[in-house]
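**Q** Take a look at the letters that make up each chain.
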Amino acid sequence: MSAPNTTADAAVPAAPPATPTVTRGGRGSVVGGGVLVLVVVLLAAVVPYVVTLGALSSLVMLFALVILGTTWNLLAGYGGMVSVGQQAYVGVGGYALIQLADAVGAPPWAAVLAAGLVGAVLALPTSYLVFRLAGGYFAIGTWVVAEVFRLVTMQIGGLGGGSGLSLSAFRGTDRVDRVAFVYWFALALMVAVVLGTYLLMRSRVGLGLTAIRDDRVAASSLGVAVDRGRRIVYVAGSAGAALAGALIALSTLGVTPGSIYSVNWTAAMIFIVVVGGIGTIEGPLVGAVLYWALQQALAPLGTWYLVVLGGVAVAVVLLAPRGLWGLVAGRFQIFPTTYRVRI
Amino acid sequence: MDWLNAGVQGVLLGGQYSLLACGLSLIFGVMRIVNLAHGVLAVLAAYLSLVLVQQGLPLWLAVVVVVPVFAVLGYAVQRGLFNPALAQVRGSDSARQGSRGAGELAPLLVSFGVAVALTSLLQEVFSADTRKIPTGDLASAGVPLGPLSVGLLPLITLVVAAAVIAAVQVFLARTATGRAMRAVADDAGAAAMYGVDPRHTYAVATALAFATLALAGVFVGMSTQFSPGYGDLVLLFAFEAVIIGGLGSLWGTLLGGIVLGLAQTIGAQIDPQSGVLAGHLVFLAVLVVRPGGLLPRSVPA
Amino acid sequence: MSVLEVAGLEVRYGDLLAVDGVGLTLAEGETLAVLGANGAGKSTLLAALAGTHLPTAGTVLLDGDPVTRVPAHRRVRRGIALVPEGRRLFPSLTVEENLLMGRYPRRFGPWDLRAVYDVFPHVAEIRDRRGGVLSGGQQQAVAIGRALLTNPRVLLLDEVSLGLAPSVVTQIYDAVRRITAEGTTALVVEQDLDQALRVADRVQCLLGGRTVLEAPAAGLDREAVADAYFGIAAAPTPAPAPRPTEA
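Chains as they are written, first to last, in the working numbering: chain A, 1 to 343; chain B, 1 to 301; chain C, 1 to 247.
Extracted from the complex, chain A is given alone in its bound form (with noise of 0.2 Å):
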């Protein structure tokens, strides 16, 4: 088939090489994270004067599913492993904030970034036993781990039992001061989550990650660490998600087990990310902002909403497999991870 080069090659001896330039990103992605910073200025600048507390409260719980959602897609999008069972640490998440910030009485932004840790910490040996489970009976072990959570809470003494704990860090604190904390503190977490989680793509890391999620066995005999990688997403995902969960809680001053470890954290995170977009870091932002308006738009319709989104989530695996950025957007991307060659 590549016969006829050869006598060109040797007809040609020495061409000039063309020399080959190698870009990242490109003038969309200029644009787009131009726009994106608009944005969050105009979130931390400009909204919290012209809505109404509730509205901010509500912008809180965006933020959340956008950390949600990120870290979710971390594991799935580039780690291939599909957890059902992140509640664990949403919970872990919410109980480590009130406990930190009441019990041992550290500043609130201390005890969510703490509660984040803490996540961490429980995420890594939950690794070695969920990590023996392969494909989709990973997903349901992660959320039988998420129950004994849920249960072990209930169980330890102080955590409140089955009604749960409400937090007390800002009794005598203005309402509407403590709402502007909290929103700036969130819309800060979710700015840092966010290049976080681009930054830990465009990494090594990442590079590896890719790898292990196109062909597992091919990136293993290039050396790629398979499960040191996956176990790296696990944490940091895991890692997010309490973030996420100790932002709830700040934000709805407490938790109960029945809502904090509610497997509907991980449906939301789902849908978050297939209907964004899978494996890219647009889609989850994209995912978020169309779930957090469907559940304002049908809130009155009461649990009609999850019907709606079970529906629309399994219609875009099936249809449009790539998500609403894949579908919108093409190859083009805010947060460029890959590298173009043009010769």
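Since the hints were made in silico from the structure, they are not lab data. Each residue gets a CB set at the ideal place from its N, CA and C atoms; glycine is no exception. Be a bit skeptical, because a hint or two may be false.
[What the hints assert, rightly or not] Interface residues of chain B toward chain C, partial, derived using beta-carbon atoms under 8 Å:
{"no.": "1", "residue": "Val72"}
{"no.": "2", "residue": "Ala176"}
{"no.": "3", "residue": "Gly178"}
{"no.": "4", "residue": "Asp186"}
{"no.": "5", "residue": "Asp187"}
{"no.": "6", "residue": "Ala188"}
{"no.": "7", "residue": "Gly189"}
{"no.": "8", "residue": "Tyr194"}
[Said to hold, decoys possible] Pair by pair, the computed Cβ-Cβ distance ranges are:
{"no.": "9", "chain 1": "C", "residue 1": "Pro66", "chain 2": "A", "residue 2": "Gly33", "range": "34 to 42 Å"}
{"no.": "10", "chain 1": "B", "residue 1": "Pro134", "chain 2": "A", "residue 2": "Ser163", "range": "26 to 34 Å"}
{"no.": "11", "chain 1": "B", "residue 1": "Gln54", "chain 2": "C", "residue 2": "Arg127", "range": "50 to 58 Å"}
Once you've looked at the hints, dock chains B and C against the given chain A.
**A** Positioned in the frame of chain A, the structure of chains B and C alone reads:
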């Protein structure tokens, strides 16, 4: 005496769990799909038979109606949802370029979407209140066994579970269709070369799995207070029975169900609050000590 | 009348045109050997004939009926059986169960278990072993037996000698010869010219997805085959050889 009683109850409870697990194991064995909607579908079967019984149908007739309805449902779900999802798994193998979308995660994500939608739908229709299928005297009837009195319903459940598992086993081992199912599980492409339509065979496997799951659901509905959310627990119990027993072994699944049942009743004997937790912990312990399960792969299904 | 008649077949893998306008005919009881180097399009041609990879253009007629777009699982019921490259036994099924899969298309005829065991006596001895634990030669024998149990109108054999010891290859081809001698119409894809010539009535050489040589096996000019095989334009250009016109 209480301990002995707990042990017997545990073994009998294991019958229910292994009957639940049978379909999960079958679907995974034939097409490597973990059906996350398994639990809520069993609960749907319980609701369906409850409605039929409330309409005045005798219970046995309700079962005779619900089981074939679920077989048809299983066939349709496979053709309409799982097969297209499986096609994406294949697609992701051949096209490795760029962001490949849901790819091999597709079946799992689809079944989870179904589970979420169906659970909420049941909540809308039947509310979150707990229900139980009325069984007349059956639920309270006992059979004397030495010093103990053994519940008739759990005994029937265990016998039915063992019979169903034996029947599925014979079907897989002895019939041409069962053989085709195992062939498709090994190598769908090669099976197609010998006249097996993988999509149809998958659908038949799912129909069979749904039929066993419907039967299990009815037994759950007769013995337990169930609600739409109970499907989550049903899925976890079925899954634990499969893993404890060993993947790909239906008799292992029966053993796994019994071990899980024992763990729960003995755990509850120690601390009434901790039955379910004890079951989970035994499952995790098996995962640590014998990740292949207690009876790994005696019959490749 | 020809059992299999293929015209203008074109098969693509993505952008790659693997089979580029191939035609062939197989008369009742005839054995055709398709030869060619790696990448010549042989296995792709068989995949298109068996229906595992559908062609983009051209026609496949089986006993005069078009089966071009019939999927694999229905085509085997019409009478085209493929012994695939790499054998592809079902590893968790026993040898006998693997053979019985050949009965799944429900085409009954002279080939039953007993007839297969007669041709491959050593297969009868290992009938209870699982497909996954056999040697390459045993696997090949079972794979051929499994295809025979479909009682095919046309038996397609893909690279039977691949990865087998020479003595085993000879044994297998002894069996293939017995099978074709009993009247089974066969198409053999092979890289090993000597083995192919032992069973073939005619040979057809592919290069780059096209037919470059067609000739009767008897009195075949080996040099011409070698030239066609490697794409060396020989002096007496054999390229568009005249089709054998019979019937």
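**Q** The structure should be examined with respect to each hint, and the outcome stated for every one.
**A** Each hint tested on the structure:
1. Look at valine 72(B): its Cβ only gets to about 23 Å from chain C, farther than 8 Å, so that hint breaks.
2. Taking 8 Å as the C-beta cut-off, the interface hint given for alanine 176(B) holds, the closest approach to chain C being about 6 Å.
3. Given the 8 Å rule on beta carbons, the hint for glycine 178(B) is violated: about 10 Å separates it from the nearest Cβ of chain C.
4. Checking aspartate 186(B) against chain C: minimum C-beta separation of about 4 Å stays under 8 Å; hint holds.
5. The restraint placing aspartate 187(B) at the interface with chain C holds, with a minimum CB-CB distance near 6 Å, inside the 8 Å limit.
6. Hint on alanine 188(B) is violated. Least Cβ distance to chain C is approximately 10 Å, over the 8 Å limit.
7. Because the beta carbon of glycine 189(B) sits about 7 Å from the nearest beta carbon in chain C, less than 8 Å, this interface hint is met.
8. Checking tyrosine 194(B) against chain C: minimum C-beta separation of about 5 Å stays under 8 Å; hint holds.
9. Checking the proposed 34 to 42 Å range against proline 66(C) and glycine 33(A) shows it is violated: the Cβ atoms sit about 57 Å from each other.
10. Proline 134(B) and serine 163(A) have their C-beta atoms about 33 Å apart, which keeps the hinted 26 to 34 Å range intact.
11. Taking 50 to 58 Å as the suggested C-beta distance range, the pair glutamine 54(B) and arginine 127(C) conforms, at roughly 55 Å.
In terms of the numbered hints stated before, the structure departs from hints 1, 3, 6 and 9, listed from lowest to highest.
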